[in-house]
Amino acid sequence: MKYSAFSIFRQALSGNRGWKPAWREPEPKSHYDAIIVGGGGHGLATAYYLARNHGLTNVAVLEKGYLGSGNVGRNTTIVRANYLLKGNEPFYSHSLKLWEGLEQELNFNAMMSQRGVINLYHSDGQRDAYARRGNAMRLQGEDAELLTREEVRAMVPFLDFDNARFPIRGGLLQRRGGTARHDGVAWGYARGADSRGVDLIQNCEVTGIRIEKGVVKGVETSRGFIACNRLGLAAAGNSSRVAAMAGLRLPIESQVLQAFVSEGIKPFIDQVVTFGADLFYMSQSDKGGLVFGGSLDMYNSYAQRGNLATVESVMEAACSMVPAVSRVKVLRSWGGVMDMSMDGSPIIDRTPIQNLYINCGWCYGGFKATPASGWCFAHLIATGAPHPLTVEMRLDRFERGYAIDETGHGAQANLH
Amino acid sequence: MRLTKRATAPRRTCTKGEERIASLITCPHCGLRPKEEFTIRGDAGPVRPAAGAPAQDFFAYVYLRDNVRGVMHEHWQHTGGCRRWLVVERDTATHAVYSVTDAALFTRARAKIARTSTELPAARPTRKGGRT
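If you read the sequences in order, they're chains A and B. Take the first sequence: its letter number 245 is residue 245 in the numbering used here, and every next letter is one higher. Take the second sequence: its letter number 90 is residue 90 in the numbering used here, and every next letter is one higher.
For the record, the hints were derived by calculation from the structure and aren't laboratory data. A virtual CB, placed ideally from N, CA and C, is assigned to each residue, including glycine. Incorrect hints may have been included.
[Claimed, not checked] Cβ-Cβ distance ranges computed for the label pairs, FRET-style:
1) A:HIS409 x B:LYS112: 31 to 39 Å
2) B:LYS112 x A:ARG24: 56 to 64 Å
3) B:LEU32 x A:LYS329: 28 to 36 Å
Assemble the whole structure, with the sequences as input and the hints as a guide.
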């Protein structure tokens with residue numbers, strides 16, 4: 001069923017009784033050409049592009065819970081392409097271009113809103129770093145503008161510009177960045193993949209990976225054994241656990257990241273604004289709630305919930321950046337399990353086991369990467385060769401000494 | 001690395017079953033302290049290889065992690081207190097803390113096991129095979 005203004009009109013006349021489920025609920029077949037483990041944003045996008053770009057439709061996505069029940073439903077929905085290093089920026093640039101055409105492509109309202117992303121700076125050194133980053137982005141063909149203090153003030157007048165400790169000196173703006181409806185992205189890809197013949201199998205937990213003579217043969221699941229020619233892992237925070245089923249140890253630590261949403265208020269903040277003095281970012285959803293988050297809780301966790309100390313520090317950052325929010329009430333908070341890699345950059349690569357491919361290490365930047373991650377991972381699974389945009393995102397880059405370390409923190413996962 | 005119970009036996013401040021949530025940490029030197037006084041370094045499992053060890057061992061030490069869902073040992077520093085390095089035994093799924101040991105005692109106990117046992121601790125599995 002194609003969604004359109006006409007279909008809404010026609011359904012309205014018939015009391016909205018004619019809508020069909022957006023995807024099937026098939027029983028798993030005994031064999032697939034390719035299986036994707038993980039029915040989140042990346043897994044669903046991979047399945048979609050396997051079918052769309054490579055004509056591979058005998059594909060299944062296995063999800064232990066319901067579709068989009070992991071980090072794609074637990075993020076702060078920010079879409080941007082403001083990276084510095086050449087191993088990263090072309091990939092995210094491609095992702096942003098895919099975001100721009102995503103809704104037409106999927107015939108699904110993902111509520112993509114290119115409202116602009118402003119990174120504030122508070123010192124000369126930070127200004128220089130952002131100038132360099134902005135130049136790197138422009139060299140890659142992305143848009144970037146270095147704003148003065150007054151230019152920022154014209155756009156976001158209510159920030160604490162004269163903060164005694166961290167006065168705002170300006171910002172780096174990417175106008176094409178913004179936000180998207182996180183669940184809508186997962187649902188759009190799910191519907192697109194399903195309509196092309198991909199089986200989306202929910203409540204199907206992978207419990208083992210069958211390997212014979214170094215070649216993947218299939219997966220043991222809570223719904224029985226399913227054979228496959230190629231296996232792609234897109235399990236985000238649980239990547240280490242799934243990879244361990246194949247005997248692999250990854251350069252990944254799973255850590256919890258919290259996010260928050262306030263009560264709905266009138267239109268207040270038009271852009272995504274990030275604080276330069278602490279890791280903090282804020283935007284406003286279409287329902288009016290302020291959506292914001294900060295840093296990790298700093299220790300390994302699979303709990304999908306965080307600590308109050310982090311809540312407190314995020315609230316402090318919010319009030320430091322935007323004093324006006326001090327009396328806005330927080331409605332909800334939640335935590336997601338981040339697959340923190342040892343250099344802060346993702347991994348999309350083959351593994352030492354034949355026909356086993358892995359997609360992980362998204363840290364807390366996986367949402368914006370969803371379209372390109374699916375695009376490139378599908379290319380890898382279909383052709384067996386890394387996509388040109390991910391040639392540096394290799395699993396063995398740490399061993400070879402080619403880490404892609406945007407922040408320069410080294411092999412300390414909780415600092416990326 | 002999975003340690004035997006013997007390794008963490010010295011200065012156990014609470015035993016298994018006596019679960020404590022991770023918001024209060026029993027420092028062996030300072031007593032019960034709020035978690036915010038501590039700085040978390042991460043997994044205490046990896047052991048630094050000897051100076052002449054092959055590059056593969058150093059790669060595994062620096063980069064590869066078991067990343068367990070369950071009980072793990074972590075290096076914490078009591079930065080807001082005695083500034084000693086500690087090893088905290090904590091569950092990553094529930095955040096419950098089982099024991100806190102001074103890192104020096106932990107390391108000595110582990111080294112003792114390594115000397116007396118043939119299978120611990122150097123026998124960590126490492127990823128094998130060259131790749132293109």
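Do the hints match the structure? See the list:
1. A:HIS409 x B:LYS112: 31 to 39 Å: Taking Cβ atoms as reference, HIS409 of chain A and LYS112 of chain B lie about 34 Å apart, which means the hint holds.
2. B:LYS112 x A:ARG24: 56 to 64 Å: holds, 59 Å
3. B:LEU32 x A:LYS329: 28 to 36 Å: holds, 32 Å
In the structure shown, no violation is registered for any of the earlier numbered hints.
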